[in-house]
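Starting from the structure of chain A, add chain B where the hints point.
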Amino acid sequence: MLMARRVLILALIAIVQMQSAFADSPKITAVLTSSDVVVGETVQLQIQVDNAGTSLKPPREIDVPGLQIHYTGESTQMTMRNLSISSSITYNYTILPEKSGTYKIPPQSIRVGKNNLQTPELTLRVADSPSATARAGSTRAPSSNTQAGEDKIAFAELLVPKKTGYVGEMIPVVVRIGFNSRTRVAEMAPPQVNGQGFTVQKLGEGERNLENIDGRSYVVFNYKTALSAARVGNFQIGPVEQKANVLVPRRSSGTRRKPFDPFNEDPFSDPFFALPFGGLMEQHEINVKSDPVSLEVKALPAGAPPTFSGAVGSFSMTAEANPKRVQVGDPITIKAAISGRGNFDRMNAPELSDERGWHKYPPSSNFKQDDDVGISGTKTFELVVSPNDKLTSVPPLAFSYFDPVKEKYVTLQSEAVPLIVEGNAPANPAIAGATPGPSAAPTSGRQQKAQDILHQINERGKIVSSFAPFYARKEFWLAQLLPLTFALGLMGWKVQDVRASNRAALRAAQLQHERDELLRKLRRDQLAPREYFSDASRLVQLKTALKQMNIEPATVDAETAARVFDLNAEQSERMRRLFATRDEFRYSGAGNGESALSSDGRRETLELIESLS
Amino acid sequence: MKLRARFQILVLLLFALPSAEGASSGGPRRTGDDLFAKANTEFAAGNFKAAIADYEAVVGSGDWSPNLFYDLGNAYFRDGDFGRAILNYDRALRLDRHHPEADANLRIARDQTRSLELAPSALERYLNFATADFFAVVAAIFFWLTIILLILRPGRALWTVAGIFLIAICGFAAYRSENGSQGQGLAIVIAENTEARIATVDSARSVLALPAGSEVLILQERGDWNYAALPNDQRGWIAASAVEKVRLL
Numbered sequence: 001m002l003m004a005r006r007v008l009i010l011a012l013i014a015i016v017q018m019q020s021a022f023a024d025s026p027k028i029t030a031v032l033t034s035s036d037v038v039v040g041e042t043v044q045l046q047i048q049v050d051n052a053g054t055s056l057k058p059p060r061e062i063d064v065p066g067l068q069i070h071y072t073g074e075s076t077q078m079t080m081r082n083l084s085i086s087s088s089i090t091y092n093y094t095i096l097p098e099k100s101g102t103y104k105i106p107p108q109s110i111r112v113g114k115n116n117l118q119t120p121e122l123t124l125r126v127a128d129s130p131s132a133t134a135r136a137g138s139t140r141a142p143s144s145n146t147q148a149g150e151d152k153i154a155f156a157e158l159l160v161p162k163k164t165g166y167v168g169e170m171i172p173v174v175v176r177i178g179f180n181s182r183t184r185v186a187e188m189a190p191p192q193v194n195g196q197g198f199t200v201q202k203l204g205e206g207e208r209n210l211e212n213i214d215g216r217s218y219v220v221f222n223y224k225t226a227l228s229a230a231r232v233g234n235f236q237i238g239p240v241e242q243k244a245n246v247l248v249p250r251r252s253s254g255t256r257r258k259p260f261d262p263f264n265e266d267p268f269s270d271p272f273f274a275l276p277f278g279g280l281m282e283q284h285e286i287n288v289k290s291d292p293v294s295l296e297v298k299a300l301p302a303g304a305p306p307t308f309s310g311a312v313g314s315f316s317m318t319a320e321a322n323p324k325r326v327q328v329g330d331p332i333t334i335k336a337a338i339s340g341r342g343n344f345d346r347m348n349a350p351e352l353s354d355e356r357g358w359h360k361y362p363p364s365s366n367f368k369q370d371d372d373v374g375i376s377g378t379k380t381f382e383l384v385v386s387p388n389d390k391l392t393s394v395p396p397l398a399f400s401y402f403d404p405v406k407e408k409y410v411t412l413q414s415e416a417v418p419l420i421v422e423g424n425a426p427a428n429p430a431i432a433g434a435t436p437g438p439s440a441a442p443t444s445g446r447q448q449k450a451q452d453i454l455h456q457i458n459e460r461g462k463i464v465s466s467f468a469p470f471y472a473r474k475e476f477w478l479a480q481l482l483p484l485t486f487a488l489g490l491m492g493w494k495v496q497d498v499r500a501s502n503r504a505a506l507r508a509a510q511l512q513h514e515r516d517e518l519l520r521k522l523r524r525d526q527l528a529p530r531e532y533f534s535d536a537s538r539l540v541q542l543k544t545a546l547k548q549m550n551i552e553p554a555t556v557d558a559e560t561a562a563r564v565f566d567l568n569a570e571q572s573e574r575m576r577r578l579f580a581t582r583d584e585f586r587y588s589g590a591g592n593g594e595s596a597l598s599s600d601g602r603r604e605t606l607e608l609i610e611s612l613s
Numbered sequence: 614m615k616l617r618a619r620f621q622i623l624v625l626l627l628f629a630l631p632s633a634e635g636a637s638s639g640g641p642r643r644t645g646d647d648l649f650a651k652a653n654t655e656f657a658a659g660n661f662k663a664a665i666a667d668y669e670a671v672v673g674s675g676d677w678s679p680n681l682f683y684d685l686g687n688a689y690f691r692d693g694d695f696g697r698a699i700l701n702y703d704r705a706l707r708l709d710r711h712h713p714e715a716d717a718n719l720r721i722a723r724d725q726t727r728s729l730e731l732a733p734s735a736l737e738r739y740l741n742f743a744t745a746d747f748f749a750v751v752a753a754i755f756f757w758l759t760i761i762l763l764i765l766r767p768g769r770a771l772w773t774v775a776g777i778f779l780i781a782i783c784g785f786a787a788y789r790s791e792n793g794s795q796g797q798g799l800a801i802v803i804a805e806n807t808e809a810r811i812a813t814v815d816s817a818r819s820v821l822a823l824p825a826g827s828e829v830l831i832l833q834e835r836g837d838w839n840y841a842a843l844p845n846d847q848r849g850w851i852a853a854s855a856v857e858k859v860r861l862l
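Chains as they are written, first to last, in the numbering used here: chain A, 1 to 613; chain B, 614 to 862.
Calculated directly from the structure, the hints in this document are not laboratory data.
Just so it is clear, the structure is predicted and the values come from calculations on it, not from any experiment.
If a hint is listed, it holds; no wrong ones were tucked in.
Cross-link-like lysine to aspartate or glutamate pairs, in silico, DMTMM-like; alpha carbons within 25 Å at most:
1. A:LYS368 with B:ASP815
2. A:LYS368 with B:GLU808
3. A:LYS368 with B:ASP846
4. A:LYS390 with A:GLU355
5. A:LYS521 with A:GLU604
The shape of chain A in the complex, shown without the other chains (with noise of 0.2 Å):
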């Protein structure tokens, strides 16, 4: 069973000396968490060197004039796959950005066992912002204060880049909580930066980092927000006090540094790891507290433009405005996009450069925000106006603010938009082309007298009880009966029509089939003459009924035939004496005769009622 055990043991250990002769060469990368970024705002650069094996030494310094780089720490991350484990470790560095500009950060060595591996060279671009005036000294905290106490569980900080600002300026603020990263945190609550003559903006979502600050890690949560101040002084800022319960390790008498750990860095010295439990772990509820920060807030300089409403940062237009072909009177929309950084919930809608000739409707507006503190985005003016003349352009919309960096004000023009106006009725909003109405007086936009409203009537007039549409009342659905009805009978009289035609159709089908079969009969000459005049007589009745179809085939004698057929007094004569034959067979007895029918006499017979037609 020893055998066994160890025999597993060794195997284990070859196969991860295999795997780490056979490992991937190493690879160097650097990232930026963002190559766009605003002064005064901080980005983040990554290293990672993966399948690095052995300890390596980072750049502590970076240097690029006009950018402030500080070395936070580094992170190890050990990935298992198949059996193929491999490595990584991230340094981790803050830039901050004293200026804008477009900065190159230059490639970085790093020596990994014999091999030197180079960071690729990465761009990162810094645009102007207002908390760029902080560019005369270090913007990172004057505030700073890393509370040492609670025996370094926790620090708090309150980063304001700038000491001083105008009224209305917005000035970011970052408040960071960092913990040990030994310890963990069970509650806290949002911090709050407190303090008499600014509003603070929400804050944030609190972003967590890990970092390593004089050699010790810690996880970071990082607030960000921005202040605004409402008047002139000095004002203090802060301190941001925090309050959290925290899970610590409780201290073990028993534990001691190892003898091969002069430096203190073997993770296993932790007490944590002595007892490895979470059960023993303790909590205790921490204070930490900033320092305070001065401002100085100054007034705005005199002499703001008219179309100034109170923002102040930096910002651009843009504007559009649709239809570009109306009627006197109709409304047109111009959308107003400012973008840039600043105090967009004190900005106002820019105005038309000339409001003559113009009516104004309310303006409404909509924030995108960029950021996550709403100090940077586009905010987007709808102006409805609508032209009381026949003018050619929508008139340059003008927007002033007051520029904290060039510390001046600064208006911006949109660009005139042309316009065609058609007609010259009096000044009506109406969208929709009403017909004027009899009483309009048609009078021209701004001279248009005040009109006044026609007489009272006072006759009530036709009464009616619905507003509903005819189609929705009974009424309509009533009338519907009399086209109804007379559909309804005029589809019993075509019933009635078609049933009579198909009898007629019937009863000729009938008439033709018995006179096709007489005439059969009459042709074969074998009949007895006392059959063949009755025979005879009997299809001249048929084709008599035939030919006109209201006649009963029964009661046709030779005078009907000789008239239905027009006869000549010839043939006429012919159908008589066939009739009379045939009554003298029928009347005097059979045998009577027989001898008088000769095959002329057939013969002649035949053709006389083949004749009839």
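Then chain B, alone, in the frame of chain A:
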């Protein structure tokens, strides 16, 4: 134009005979006549609020007339409530689309408030020559003519298809007229400083500021808020108390 007018009159005479019983003019005294006369007297004396109360009482009785709403609109106008003045002029025109006094005063009231109107679609502008009632009646006529044609000449497929096509066209026109910008959902903003918002809370972002008398098309009613189509093709939520539908139930 004359031919069309005669055709409309003929159609309405043929199909609206039963409704003539429900409508009357003149004759014996009717409910609210005294109140209406009293309201007129109060209006003439300049007691506009009292006149409004009396006119509203007549409206409440359910015996409506274009002149009643016109006079009520005038009373609101004189009282400075242009939103309700426009609403009642609209109602007068809804009952009688050729009421010249209501049309004239409506334009004056709209000039006063600079109210916004819903833009009719291209189809609605084209169909504007007649009302939904007219299209419904014409659709009914085409329906019965097609039925009669089918009875008398059942084999005429082309005529049948043409009849069905005309019925569909007129039915669609009636539907569009009834459900368009001037249809059953049309409402007038009666409150001052009304804002259409993106959500059903007062603090929600404003979509459009609507002067009193502006037209909106109610699309959905949800409690104290109405979702409405706004002028210039926008939509938003408006407090139900700030708008009133033109069509009374």
